[in-house]
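Number of protein chains: 2
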Amino acid sequence: MDPIEIEPSDLDPLDWNEFRLLARRALDDMIDHLETLRERPVWRPPTEEARMRFREALPRSGRPLAESVDLFDRFIKPYSTGNGHPAFMGWVHGAGTPVGMLAEMLAGGLNANCGGRDHLALEVERQITHWMSEAFGLPNEAAGLFVTGTSIANLLGLLVARNHRLGDGVRERGLVGGPRLIAYASASAHGCISQAMEIAGLGSDGLRLIPCDGRGAMLVDALRTRLEADRGLGLTPFLVVGTAGTVDIGAIDPLAELADCCAANDLWFHIDGAFGALLAFSPKLRPLIRGLERADSVAFDFHKWAHVPYDAGFLLVRDGSALRRTFASERGYLSRASTGLAKGETWPCDLGPDLSRGFRALKTWFTLRTFGLDRLGRSIERNCEMAARLAAHIRQCADFTLCAPVSLNIVCFSANSRDRDTVNRAIVECLHVSGRAAPSITLIDGVAAIRCAIVNHRTTASDIDNFFADACAAAREVVAGSRPAGPAR
Amino acid sequence: MDPIEIEPSDLDPLDWNEFRLLARRALDDMIDHLETLRERPVWRPPTEEARMRFREALPRSGRPLAESVDLFDRFIKPYSTGNGHPAFMGWVHGAGTPVGMLAEMLAGGLNANCGGRDHLALEVERQITHWMSEAFGLPNEAAGLFVTGTSIANLLGLLVARNHRLGDGVRERGLVGGPRLIAYASASAHGCISQAMEIAGLGSDGLRLIPCDGRGAMLVDALRTRLEADRGLGLTPFLVVGTAGTVDIGAIDPLAELADCCAANDLWFHIDGAFGALLAFSPKLRPLIRGLERADSVAFDFHKWAHVPYDAGFLLVRDGSALRRTFASERGYLSRASTGLAKGETWPCDLGPDLSRGFRALKTWFTLRTFGLDRLGRSIERNCEMAARLAAHIRQCADFTLCAPVSLNIVCFSANSRDRDTVNRAIVECLHVSGRAAPSITLIDGVAAIRCAIVNHRTTASDIDNFFADACAAAREVVAGSRPAGPAR
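So the protein lines, in turn, are chains Y and P. Remember, my numbering sits 115 above the position in the first sequence when you count from 1. Remember, my numbering sits 115 above the position in the second sequence when you count from 1.
Just to be clear, a hint being listed does not mean it is correct.
As the list claims (entries may be wrong) - Chain P stretches covered by chain Y per the calculated footprint, using a threshold of three residues with CB under 8 angstroms from any CB of chain Y:
(1) 144-152
(2) 177-191
(3) 204-213
(4) 231-238
(5) 266-273
(6) 281-293
(7) 536-547
Claimed, not checked - Just a sample of chain Y residues kept apart from chain P, beta carbon distances all over 12 angstroms, derived:
(8) R330
(9) D336
(10) D345
(11) R346
(12) A378
(13) D381
(14) L403
(15) R405
(16) E408
(17) S436
(18) A437
(19) A513
(20) D514
(21) T516
(22) C587
In short, the hints are calculated from the structure, not lab data. In this text, a Cβ means the ideal position worked out from N, Cα and C, and glycines have one as well.
Isolated chain Y, as found in the complex (with noise of 0.2 angstroms):
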């Protein structure tokens, strides 16, 4: 054998002193950015100069760390998306918490893969799937996942319901030859359904979108009438998608009514709850989503109304071996033990396709724990409350006119213009580019609307009030043909 080596050749710092400082002053930096938030712009349009950095030639030598820690100081942090901001409305978008943060630090640095083994990240998920079932009001044999977001665990969940309908032997055959599987959902439904569809092979055409009601609730006859229709075809119906918050305006789909229906006719029964399943946290809000405690599955997504930081997506399965049916593989590499690192029977990469897995449970964790359910549920209706009194200012103002109900958190409205769609997007522009606003755009009945949805924890009522008189001025000065020169508050 050679002569051992002795020079240090890993990746860890030379001078441990030096990167504890650096460390420490990224922190500092990174704490003050946070407690000063407000008296920032919500977002300025990236500088030339800022995109520029970002392309270096391929980095074949090393650089300082510091330098790095400055460039992200100077051009990645003046210009992200702002969503910590009070005066962020746009998409839904969570705000994050300082907790989050330390959480993710130390997430970092343990550097967890929580595909499987015996440690306890895992056990700390376990808990978040015994916390959930437990606040949903699904069983405690549930199983559940962490995974990027709402639209993985939408497939996920399709996927389960997919292997279910089809039975043993769909894994190796696959679906050619098969039968034409149906699925439902509203017509306000996230796109992300239509796109399992596709991925999973079913293709878009066999999601029936189900007409709404005047407040963008599914309509369950209409559902029970093209089940009826689409049986006469010789099709087969697996699945209906119950959503609670659609996107667009925060609608709740009759979660009860949709279970029955599911149950009279042997569907699988999934809820696209990305921020709605959340409202379970607030004893006053949570009658709006009856129902979701019959879900086969749920999905939704920690990082919008829990704020945990992104990202952090969520499937929870009433009937945990359904699950492991779709997904778990014999596989020399992942042989289990008795003892040792090995052990444990279910590991997470039995109940879904990612063995690699960072440890999402933490950051939950430490968010659930450290608010407890009742003041995440308290800021929940706070932001329902504050999407009220927007509605009630637009009501009140000859300029402008809601162009959905409010039921919710989500207020979409439209400047009273000959030419609606292109007068709101120039509003929404105007705002975003003054850095007072972010509000953002969406289709109502194929017309842009202005949509603010309001999920961020910082925003107060008086955000929404300074929010109303800088949507006011921007749509005179659009009218009036002029954009605001507005400098960045």
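Given the structure of chain Y, go ahead and fit chain P onto it with the hints provided.
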């Protein structure tokens, strides 16, 4: 309107200074932990007390943050997988770095959602795409996407290939009634390829496992024969998956020959390079993966041989438009704008199934930029040298036999015993419980072998020598029928 509320009711700290002190302490403790990894056992069996700490009742009320940090410290950190430890050699786990932890802390604080929109985080992800395209020799127009891990990256690559073959309309009509698509991979391919066939609706029967040569590399002649036979049966070959680094023994398929075969037969050429693709970082080892530059798509992980904290998988697709065609869709709530926060033509959500995506690019950018490809490449070379060193020990030892050629960083060996399966498993369990080393088990020709995947940048020659001595001692004690009581060192 109601009077504006005064009390803070968000999820930020009431006392920022208190939070800052706690976060600093947590950071310091984590750095201490990393600095002193070697002084602790690689792994220790979780105590029942530790497990019970994560069977708490649902937290309706919050608990002090300091208490959770303390629980992490006492019950999670000590019972981790140990993949940071130089004696960890199980499965294929990256070891993490302090640099990665720092970046994860910043990402956790920034809380970017990298599904889309105009913010610098996406430029960082694009930077990684360009760097990796250059490192692998793919064209600059290649599209790239962070995902959790190679299992998902392989799935997405397979979906692109599937839709590319089935052409326009497949997203809508699905697979039922269509041709039977057939994919090809080596008999040593990772199980996630088969699982990707299942998920995609093609069925694992549609995957042909082609025999390998004595070094575990796919026999291209056998592939050609099978291709012809399948065509003769009226089936539709569409995809060849080459493996750069098989999970069991680290074999590499003849990628250039596979590229020729794919070109001649109009097949999509995907490479599962979970860890092996990063051999491209080493000028010395790069020739082993000649042909990588001709792939249509490459899946790999940064959390393995680049030691980015979990998880950080990646997919590169030569023809970016094919990736976009597979996943992009028109959705009102994802409307693009010519200016403002919704600016941008291609967002990551157009290239894959995730709309909610954490900022994996940041920890990867920090890692590649701080160390540089040369240093990461040397770290990979050293792992391969350490594997050769271990193999040399085993060749000179009467008690053990190598079970497979050692061409990369993985050493599979067996005790020279009558009941190898049982004895090898017992040796591995014994090493785990002793806390001295963490190899894993895989099956070679159906029999359990002791498997050391040397992936850790901290593993030195003396770690290898110590491991070998520990393995010899464990073997003697197992054969003698008594496991060492071995207190954790």
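So, going through the hints one by one against the coordinates:
1. 144-152: holds (count 5)
2. 177-191: With 9 residues close enough to chain Y, the hint holds.
3. 204-213: holds (count 8)
4. 231-238: holds (count 6)
5. 266-273: With 3 residues in contact (Cβ-Cβ under 8 angstroms with chain Y), the coverage given for the region 266-273 of chain P holds.
6. 281-293: Since three or more residues must qualify, the claim that chain Y covers the region 281-293 of chain P holds, with 9 doing so at under 8 angstroms.
7. 536-547: The restraint on the region 536-547 of chain P holds, since 6 of its residues have a Cβ under 8 angstroms from chain Y and three suffice.
8. R330: holds, 18 angstroms
9. D336: holds, 26 angstroms
10. D345: holds, 14 angstroms
11. R346: holds, 17 angstroms
12. A378: holds, 27 angstroms
13. D381: holds, 20 angstroms
14. L403: holds, 19 angstroms
15. R405: holds, 19 angstroms
16. E408: The assertion about Y/E408 holds, with a minimum of 14 angstroms to chain P.
17. S436: Given that every Cβ of chain P is farther than 12 angstroms from that of Y/S436, nearest at about 17 angstroms, it holds.
18. A437: Non-interface label stands for Y/A437: nearest chain P Cβ at 15 angstroms, farther than 12 angstroms.
19. A513: holds, 17 angstroms
20. D514: Y/D514 clear of chain P: closest Cβ-Cβ about 17 angstroms, beyond 12 angstroms.
21. T516: About 18 angstroms separates Y/T516 from the closest Cβ of chain P, which puts it past 12 angstroms; holds.
22. C587: The claim stands: Y/C587 keeps its Cβ more than 12 angstroms from every Cβ of chain P (closest is about 14 angstroms).
In this structure, none of the earlier numbered hints is contradicted; all agree with it.
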